[in-house]
Every structure is written in C-alpha cells, then in structure tokens.
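Can you build the whole structure from these sequences, using the hints too?
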Amino acid sequence: MSAVGTIARALPVPAGAGLARTLVERNARAFRHGWVTLVSGLFEPLFYLFSLGVGLGALIGDIDAGGGRTVEYAAYVAPAMMAAAAMNGAVFDSTFNLFFKLKYAKLYDSVLATPLGPRDVAVGEITWALLRGLLYSTTFLAVAAAAGVVHSWWAVLALPAASLIGLAFAAVGMTVTTYLRSWQDFDYIQLALLPMFLFSATFYPLSTYDESVRWLVQATPLYHGVAMMRDLMLGDVSWGILAHVAYLSVMGVLGLLFAARRIERLLLR
Amino acid sequence: MISAHRLTKRFGGFTAVDAIDVEVRRGEAFGFLGPNGAGKSSTMRMIGCVSPPTDGSLRILGLDPAKDGPAIRARLGVVPQRDTLDEELTVRENLLVYGRYFGLSRAHVRAKADELLEFAQLTERANSVVEPLSGGMKRRLTIARSLVNDPELLLLDEPTTGLDPQARHVLWDRLFRLKRSGVTLVLTTHYMDEAEQLCDRLVVMDGGRIVAEGSPRELIALHSTREVLELRFAADDHAPYATKLTGLAQRVEVLPDRLLLYTDDGDATAAAVARRGLEPLSVLARRSTLEDVFLHLTGRTLVD
Ligand SMILES: Nc1ncnc2c1ncn2[C@@H]1O[C@H](COP(=O)(O)OP(=O)(O)O)[C@@H](O)[C@H]1O
Ligand SMILES: [Mg+2]
Numbered sequence: 001m002s003a004v005g006t007i008a009r010a011l012p013v014p015a016g017a018g019l020a021r022t023l024v025e026r027n028a029r030a031f032r033h034g035w036v037t038l039v040s041g042l043f044e045p046l047f048y049l050f051s052l053g054v055g056l057g058a059l060i061g062d063i064d065a066g067g068g069r070t071v072e073y074a075a076y077v078a079p080a081m082m083a084a085a086a087m088n089g090a091v092f093d094s095t096f097n098l099f100f101k102l103k104y105a106k107l108y109d110s111v112l113a114t115p116l117g118p119r120d121v122a123v124g125e126i127t128w129a130l131l132r133g134l135l136y137s138t139t140f141l142a143v144a145a146a147a148g149v150v151h152s153w154w155a156v157l158a159l160p161a162a163s164l165i166g167l168a169f170a171a172v173g174m175t176v177t178t179y180l181r182s183w184q185d186f187d188y189i190q191l192a193l194l195p196m197f198l199f200s201a202t203f204y205p206l207s208t209y210d211e212s213v214r215w216l217v218q219a220t221p222l223y224h225g226v227a228m229m230r231d232l233m234l235g236d237v238s239w240g241i242l243a244h245v246a247y248l249s250v251m252g253v254l255g256l257l258f259a260a261r262r263i264e265r266l267l268l269r
Numbered sequence: 001m002i003s004a005h006r007l008t009k010r011f012g013g014f015t016a017v018d019a020i021d022v023e024v025r026r027g028e029a030f031g032f033l034g035p036n037g038a039g040k041s042s043t044m045r046m047i048g049c050v051s052p053p054t055d056g057s058l059r060i061l062g063l064d065p066a067k068d069g070p071a072i073r074a075r076l077g078v079v080p081q082r083d084t085l086d087e088e089l090t091v092r093e094n095l096l097v098y099g100r101y102f103g104l105s106r107a108h109v110r111a112k113a114d115e116l117l118e119f120a121q122l123t124e125r126a127n128s129v130v131e132p133l134s135g136g137m138k139r140r141l142t143i144a145r146s147l148v149n150d151p152e153l154l155l156l157d158e159p160t161t162g163l164d165p166q167a168r169h170v171l172w173d174r175l176f177r178l179k180r181s182g183v184t185l186v187l188t189t190h191y192m193d194e195a196e197q198l199c200d201r202l203v204v205m206d207g208g209r210i211v212a213e214g215s216p217r218e219l220i221a222l223h224s225t226r227e228v229l230e231l232r233f234a235a236d237d238h239a240p241y242a243t244k245l246t247g248l249a250q251r252v253e254v255l256p257d258r259l260l261l262y263t264d265d266g267d268a269t270a271a272a273v274a275r276r277g278l279e280p281l282s283v284l285a286r287r288s289t290l291e292d293v294f295l296h297l298t299g300r301t302l303v304d
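Chains Z and D, in that order, give the protein sequences. The first sequence: position 1 = 1 (UniProt numbering), numbered continuously. The second sequence: position 258 = 258 (UniProt numbering), numbered continuously.
Because the hints were derived from the structure by calculation, they are not lab data. The hints are all genuine.
Partner residues are not named here, just some residues of chain Z that face chain D (Cβ under 8 Å, in silico):
#1 A17
#2 E25
#3 R26
#4 A30
#5 A105
#6 L107
#7 D109
#8 T114
#9 P115
#10 G117
In this text, all values refer to a predicted model and were calculated from it rather than measured experimentally. Just so you know, even glycine gets a beta-carbon here, dropped at the ideal spot from N, CA and C.
Set out below in structure tokens:
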C-alpha cells in the first residue's frame, strides 16, 4: 500500500492527507461484522480449479504450454483461475461494494469532512481490495500447490502478481463505478467481464485463435494477467513478462488517478 | 475564526449563496437563520472545506481552504444536516474509526471515545449497531463524533431538526457546555427559538443573501416592536380586518390564518381592539421573536 501511496503522492492528483490507511482500518472493522462475503471469494476459484482443471483435465490430458513444453491441463489452467479470481475479487470490491458506500451508505460524505481527501479514499479502498485479494490468492496458491499443479518456485511471485492484477482492475472498476447510476448498470460490467474471462487465453493457448483475432485477445488486460501468472506458475520466466507487468501497472496508476478525480468531482461540489 | 468576503456558490446557473460577508470570532456562537433553500447548507459546506467557493474569498482559522483543506478540516468538527453515521459499525466503533481519520493514535481515540459516549449519554449503547438508535441518539452520536478531534470550531447544520422537544433540550444543553469550554460554534437553523437560545450573533439569510445581522436582541429591537398581538377571526380571509385595525399598532402583518399587530404594549392594544367592537376568536399578546424579524424582512414565515 505504501508503494501505491508513494506513487499517488508523487503525481499531481486530488488532495489527500496520506491517511488512506485509516480507511483500510475502517473497512477491516466493518468486515468483521460481515465476513460471510469472504467465503465466495475463497471457494469460487477453487471450484473452477477442481471441476475444470482436474475433472475436465482428465479428458483433455496434457497440453502444449508454449515453447514445446507440455503440462497436464490442471497445471495449465490453475494460473488462469488465479488471475481471473484476482480480477473478479477486485472488480466486485470496487464496483458493488463501492457503489453501496458511495450512493447508499454515504460513507465518503463523512470521510471527506475529516482531513482525508479524495486521493485517500481511492488509495484506501483499492488497498483494501488488494488485501482481501491477497487472502484469496494465498489460499488458492496453497491449495494448488498441495494438489501438485504448481511447478516452480517462481510461483511465489504469483502473489504480488495477483495484487498487480487486482490493482489494475480495482482502479479501473472504481472509476467506472463513479459513472453508474443504478444497480441495473452493473449488467454492463458483467457484459465486459464474462467474455474476457472466457476468451483471454484462459482455458486454451492463444495459438488456438486465428492470427487475425489474436491482437484483440492480446489487447485485453486479463490476457496479460493470465500470461504473466502462467509464466510464473509454470516456471517459464523470461524478460517478456515485463511487458505484462508494464501493461497492468499503467492501467492501475491511470485508473487510480481517474478514480480520485471522479470522487472529487462527485462529492466535493 | 471565519472570514468570508463576497462568498458565492453557484450550481450551474443557479446562485445558492450570493456574495455574503461573514466574520466569526473565536469563542462565540454564530448562527445562520433562514428558511429551507436559503443557502445555509451550501455556506456550511464551503466553510467545512468540502465545497469549493465559486467566487469571493474565504479564510478559515487564518488558512485558505483551497490550499490547506486537510489542515483546516483537522481542526474542525462537522455535524452535517443529515446524519452520516457509519451503519456498518457499532456506536463505539463510529467514534474510534472517525478519530483515526484524524490521524490520532489508537490509545488516544479509545480514551476519547469513552469520554464522548459519556457526554452523549450513549455509554449503555456503546456496542449496539447504529441502525436501531432513535433520531435523538443518532444526532447525539453525530455530535459526539464531531468532537473526537477536540475541534476549535464546530459547524452544526440544523442540529435539532426533526427531534422532539425533549431531545432538543438535551442537545442544547450539550452545546452550551461546549461553548462554555471555549469551542466556537457556528450553526444553522430555521427555528427562531433555537437561534435565540444558542446564538450570540446571527445573520438572517434568504434566497442566498444576508438580509440582517446582529445579536437576537439587537435584531428584535431594530426590526420589530417589543410585543406582538395575535388575532384570529372566524373568517377564511383575514385581509379585510386589517383595514379596520388601522392606527391601533405600529404595523399589521396579515397571515393566512391570523393577524399580527406590532405594538409596545400588547394588552393595551387588545383593549383598543375590543373598543372598536371587533370580536376575534382568539387574542394572544406575546413578546417579539426572531420569527417576527424574519417576517418583517422577507414578508414570509420561517417554518411553513
Ligand atoms: N449540489 C447542488 N446542486 C444543485 N443545487 C443545489 C445543490 N445544493 C444545494 N442546491 C440548491 O441551492 C439552494 C440552497 O440550498 P441549501 O444550501 O441546502 O439551503 P438550506 O440549507 O438553507 O436549506 C437550494 O435551492 C438547493 O436546491
Ligand atoms: Mg440545509
């Protein structure tokens, strides 16, 4: 979080008091009263891993993971599930939860009357989303490792990688949320997420696609998340991974800037 | 404490606050009195540094809200018009968490929370969630919350609107105590009794402008008479009676349901009314209030 805070402070962004951590603390307290939501975030990716990876994987057998290397299907699909879970968790937190706080609970009306500014709100909420995400991804990684589908020590870096995916999606999700008017508008978010989940080279390699549409797949953020995660968990790391990191970092920082601006425009009128 | 010069707030083409001048001094209780839509909340939000002024200048605690927003807000207490309590937290947690927003240490806010629960008479409800509390309790909690950083300046936007008389008196008592302890109070209200009770000085606002300024006594002395005689007649229209009363009072106001006669001696005027052979349904002589000042200045009543 301090890294995010440092970046945010260095840029010409809306005002804040550097107290975003106190908003994280607030969320942690509120969370204690409503921890049930934790469960779905924890189990969903694991269900996918076992139904698709292990169940369906038995029918599929080994798969070409690129570079002439083949791995069993569960090991191939596990990184994608971890990346998708990081995306879903971040989006859920930064859309549904944020919308509720913004429109119904009016939480930020009281927060902004204290020294905290819009930047603190953006940084605090995204940090919170990342912390929750870290809990999910750690659990997932542990279960995947126990199931024998993790092939390299590089996989330890899958945790910060999941946080990076979370940052990118939470920041953009937060910005989008500030434009939403009613709960119906959330259907548009689902409309964007589902195809991305299914087609971002999640369940099969990019090479399955015809040359003419590959660029489209490669343009989506989840593609980069999945590719980065797969490199790490299969131990297939090269300098090329930095392209994925750069894509997601830029998305995260720009998203954060826009989110803070939007909160300012919306609440400080 | 607050110094505003030609302070203006526009929303699109609509002017909510129209070039007002306000000076608030340390230690006083200052009021904005006016009907709904007068621009009181818009003014309070600008003072609270959560709404940038469209025009004019504003200094709070000697600082510029545009540049030093966080530093100013650190020294303010804010009670917004509508309670914005955190419904996902308990009563006590509301105080703890809010204190942390000010960067105060955990130990400090823990001690402070106990003290404020006592002050707001909420100690017994400390671990209850916020939602089931009564309106008066929520308001007291909001006020307690605004005190967590020991503010020098407390902004209260309609602190007692919507409360029953008993709850209002409890709140007034708390506000008196704060004032005695040296906190500067700035409050808005559309209750003239509240303004008279609490404010050393006030401005009367209407349509975004300040139409009068002074202590409650000064305002009454300047814009009204010592007493008011209220007459009700058995008629739908009270206007015709006004002509029959000429010469009996310094001024006559016609309201839909009654007539107000401005006079220095209510009983004497009542006797004079009787001598003219008029028989009102009810006659009431009372002291002048800020309500009368407002009526005189704007031609309208405060609370409709
Ligand atoms: N955010 C806003 N956007 C547009 N108009 C507003 C906004 N806030 C207040 N107003 C308008 O400004 C006027 C003054 O409102 P307000 O300051 O809330 O008055 P008061 O608190 O005295 O009732 C009202 O006519 C209100 O509709
Ligand atoms: Mg108001």
